[in-house]
Amino acid sequence: MTKAYKYAIVYFLLFSLLLVISGIMLFEHKIGFSAQGVSEYYLGSEEKFIVAKSSAGILKIVLPHIFAFALFSMVLLHFLIFTKHRDTAHSKALIYLLFSSAALEIFSPFMIIFGAEFFVFIKIASFILFESLVVYIAWLLFNSIIKD
Amino acid sequence: MKFTLIKKLSQDKSMRPILTGLLLFTLLYILSDVLVKYVNFGVFPDAINVTLFGDEEQYIDPLSTSAFLEFWHVEIFFIMMILLTLSAVFVRVSKDDTSKIILLSALMICALFSLISLVLAFFVAKIFVLIYSILFFIWHAIAVYMILYSLGKLYYDKSI
Chain H
1 MTKAYKYAIV
11 YFLLFSLLLV
21 ISGIMLFEHK
31 IGFSAQGVSE
41 YYLGSEEKFI
51 VAKSSAGILK
61 IVLPHIFAFA
71 LFSMVLLHFL
81 IFTKHRDTAH
91 SKALIYLLFS
101 SAALEIFSPF
111 MIIFGAEFFV
121 FIKIASFILF
131 ESLVVYIAWL
141 LFNSIIKD
Chain X
1001 MKFTLIKKLS
1011 QDKSMRPILT
1021 GLLLFTLLYI
1031 LSDVLVKYVN
1041 FGVFPDAINV
1051 TLFGDEEQYI
1061 DPLSTSAFLE
1071 FWHVEIFFIM
1081 MILLTLSAVF
1091 VRVSKDDTSK
1101 IILLSALMIC
1111 ALFSLISLVL
1121 AFFVAKIFVL
1131 IYSILFFIWH
1141 AIAVYMILYS
1151 LGKLYYDKSI
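Sequence order for the protein chains is H and X.
Position 124 (the first sequence) corresponds to 124 in the working numbering; numbering is contiguous.
Going from the second sequence to the working numbering is simple: count from 1 and add 1000.
Bound conformation, chain X alone:
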């Protein structure tokens, strides 16, 4: 996290391409995450319901508790690491304190509650699948915005 200590990021010949690489790979991860989930798990409520609870008509078995908990555990780890890294870059390159805290909070709270909704959907009530799906799209959209915003700042804002 040395980039948080460099005074002029825009003039640093090494740190700017490094951060660009990091941001592009994070963008790739966020977009791939949506695609992979769309294929394997589902991103819309109907598909998620089938994955979690099965479908007798299509002969699809429900997800076992063990498999679900493993999936949830891994998801938490990856999301927390990706979002911590992204937020560190975003905070460093943006200026306006209030708006960046609002955006950062929206991202983190949506991601956090999407994970909580997922476990509630599996163990408590199916209605949480809808909440998970909505929050999943919101936090991914915010993350994409933050990545593009950070890239723009890196290249077009000489004051950072």
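The shape of chain H in the complex, shown without the other chains:
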């Protein structure tokens, strides 16, 4: 890989960190990291005048995220192919974990509104796992670019 491509990837990783930060800020502001916050956001709260979300409303939010999560995950993960982590059990685990956590993060709101309220914990856990994995993969890539 040429030096210029390495620079481009490092900048992409910096943008990824900014995306993670903005995602956390948005989640914290709109939903909150407590089980009660997530439950109230999706199921509504009369005390706080929060309207319950409908499946159509959730689908409207989810739709662009399905494509965005897939594209972002693919771009980030495919850079691992150019590092020493290519074809290792470690990178395979990262691929499955990243896509699984993304799927759970995207679709858990439907389970919450359809009655499986314990999915509020899955929503929080999958969000934290996805963001942490992005940071971890970014760190792996950054390390490979600096050292290799």
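Fair warning: there could be bad hints in the mix.
Okay, derived cross-link-like pairs now, DMTMM-like style, lysine to aspartate or glutamate, Cα gap no bigger than 20 angstroms in a straight line [claimed, not checked]: (1) H:Lys92 / H:Glu131; (2) H:Lys53 / X:Glu1070; (3) H:Lys53 / H:Glu28; (4) H:Lys6 / X:Asp1096; (5) H:Lys30 / H:Glu131; (6) H:Lys60 / X:Glu1075; (7) H:Lys60 / H:Glu46; (8) X:Lys1126 / X:Asp1055; (9) H:Lys48 / H:Glu28; (10) H:Lys30 / H:Glu46; (11) X:Lys1153 / X:Asp1097; (12) H:Lys30 / H:Glu117; (13) X:Lys1037 / X:Glu1070; (14) H:Lys60 / X:Glu1070; (15) H:Lys6 / X:Asp1097; (16) H:Lys3 / X:Asp1097; (17) H:Lys30 / X:Glu1075; (18) X:Lys1095 / X:Asp1012; (19) X:Lys1126 / X:Asp1012; (20) X:Lys1095 / X:Asp1157; (21) X:Lys1158 / X:Asp1012; (22) X:Lys1013 / X:Asp1157; (23) H:Lys3 / X:Asp1012; (24) X:Lys1008 / X:Asp1157; (25) X:Lys1126 / X:Asp1046; (26) X:Lys1153 / X:Asp1012; (27) H:Lys30 / X:Glu1070.
Treat the hints as calculated values from the structure; they're not laboratory data.
Starting from the structure of chain H, add chain X where the hints point.
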């Protein structure tokens, strides 16, 4: 990103029009981005200030934190994907390593700091609106230059 692996882009009958299409659409996106922002958000400090913080005299409400964070989040995603794609093409078609790294860095750093300035303007101090506006124009101008340069290289440089 297969075009990064093709040895002679200038002689590849399929890849050259594909990359031309990609570059033209990227150019269209960059120019449209300026126009859309000019109409809906503002590209000059005064207009951005009104959008972000409202204006009592014109009865314009300030942007809510939630709406701002959604806007910022989407902006980051689109900019990072567009610039990664553009930089991949630009790096492939240009020869001089030092100058292309300088231009690539200028583009990425300006875009990155324009996004950081925007969030600082909303949450910390209004002065960052001016920095955002300047960096916004700089990174758009660099992107346009890189697109035109890449198109020129695709058609007039037989060595790539």
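Evaluation of the provided hints:
1. Using a Cα cut-off of 20 angstroms, the hinted pair lysine 92 (chain H) and glutamate 131 (chain H) holds, with the two alpha carbons roughly 18 angstroms apart.
2. This hinted pair checks out: lysine 53 (chain H) and glutamate 1070 (chain X) have alpha carbons roughly 18 angstroms apart, not beyond 20 angstroms.
3. With a C-alpha separation of about 18 angstroms, the suggested pairing of lysine 53 (chain H) with glutamate 28 (chain H) holds against the 20 angstroms cut-off.
4. For the given pair, lysine 6 (chain H) sits about 15 angstroms from aspartate 1096 (chain X) by alpha-carbon distance, which is consistent with the 20 angstroms threshold.
5. This hinted pair checks out: lysine 30 (chain H) and glutamate 131 (chain H) have alpha carbons roughly 17 angstroms apart, not beyond 20 angstroms.
6. Proximity of lysine 60 (chain H) to glutamate 1075 (chain X) is assessed by CA-CA distance (about 18 angstroms); at most 20 angstroms being required, the pair is judged to hold.
7. For the suggested pair lysine 60 (chain H) and glutamate 46 (chain H), the alpha carbons sit about 23 angstroms apart, so the restraint of at most 20 angstroms is broken.
8. As the CA atoms of lysine 1126 (chain X) and aspartate 1055 (chain X) are separated by approximately 14 angstroms, the hinted pair is consistent with the 20 angstroms bound.
9. With a C-alpha separation of about 17 angstroms, the suggested pairing of lysine 48 (chain H) with glutamate 28 (chain H) holds against the 20 angstroms cut-off.
10. Between lysine 30 (chain H) and glutamate 46 (chain H) the alpha-carbon distance is near 17 angstroms, which keeps this suggested pair within the 20 angstroms criterion.
11. The hinted pair formed by lysine 1153 (chain X) and aspartate 1097 (chain X) meets the criterion: a straight-line CA distance of about 15 angstroms does not exceed 20 angstroms.
12. At most 20 angstroms may separate the alpha-carbon atoms for a hinted pair to count; lysine 30 (chain H) and glutamate 117 (chain H) meet this at roughly 19 angstroms.
13. With a C-alpha separation of about 15 angstroms, the suggested pairing of lysine 1037 (chain X) with glutamate 1070 (chain X) holds against the 20 angstroms cut-off.
14. The suggested pairing of lysine 60 (chain H) with glutamate 1070 (chain X) holds, with an alpha-carbon distance near 14 angstroms, which does not exceed 20 angstroms.
15. For the hint linking lysine 6 (chain H) to aspartate 1097 (chain X), the alpha-carbon distance of about 12 angstroms falls within 20 angstroms, and the restraint holds.
16. Restraint check for lysine 3 (chain H) and aspartate 1097 (chain X): satisfied, since their Cα atoms lie roughly 8 angstroms apart, inside the 20 angstroms limit.
17. Between lysine 30 (chain H) and glutamate 1075 (chain X) the alpha-carbon distance is near 18 angstroms, which keeps this suggested pair within the 20 angstroms criterion.
18. Distance hint between lysine 1095 (chain X) and aspartate 1012 (chain X) is fulfilled; the C-alpha atoms sit about 18 angstroms from each other, no more than 20 angstroms.
19. As the CA atoms of lysine 1126 (chain X) and aspartate 1012 (chain X) are separated by approximately 50 angstroms, the hinted pair breaks the 20 angstroms bound.
20. Under the criterion of a C-alpha separation no larger than 20 angstroms, the hint pairing lysine 1095 (chain X) with aspartate 1157 (chain X) is consistent with the structure, at around 10 angstroms.
21. Using a Cα cut-off of 20 angstroms, the hinted pair lysine 1158 (chain X) and aspartate 1012 (chain X) holds, with the two alpha carbons roughly 11 angstroms apart.
22. Only pairs whose Cα atoms come within 20 angstroms are accepted, and lysine 1013 (chain X) paired with aspartate 1157 (chain X) is accepted, the gap being roughly 15 angstroms.
23. Between lysine 3 (chain H) and aspartate 1012 (chain X) the CA atoms are separated by roughly 25 angstroms; this puts the pair beyond 20 angstroms, and the hint is violated.
24. Note on lysine 1008 (chain X) and aspartate 1157 (chain X): the hinted pairing holds, with a Cα-Cα distance of about 10 angstroms set against a maximum of 20 angstroms.
25. Taken as a hint, the lysine 1126 (chain X) and aspartate 1046 (chain X) pair is honoured in the structure, with Cα atoms around 11 angstroms apart against an allowance of 20 angstroms.
26. Using a Cα cut-off of 20 angstroms, the hinted pair lysine 1153 (chain X) and aspartate 1012 (chain X) holds, with the two alpha carbons roughly 14 angstroms apart.
27. At roughly 10 angstroms between alpha-carbon atoms, lysine 30 (chain H) and glutamate 1070 (chain X) fall within 20 angstroms of each other, so this suggested pair holds.
The earlier numbered hints that this structure contradicts are 7, 19 and 23.
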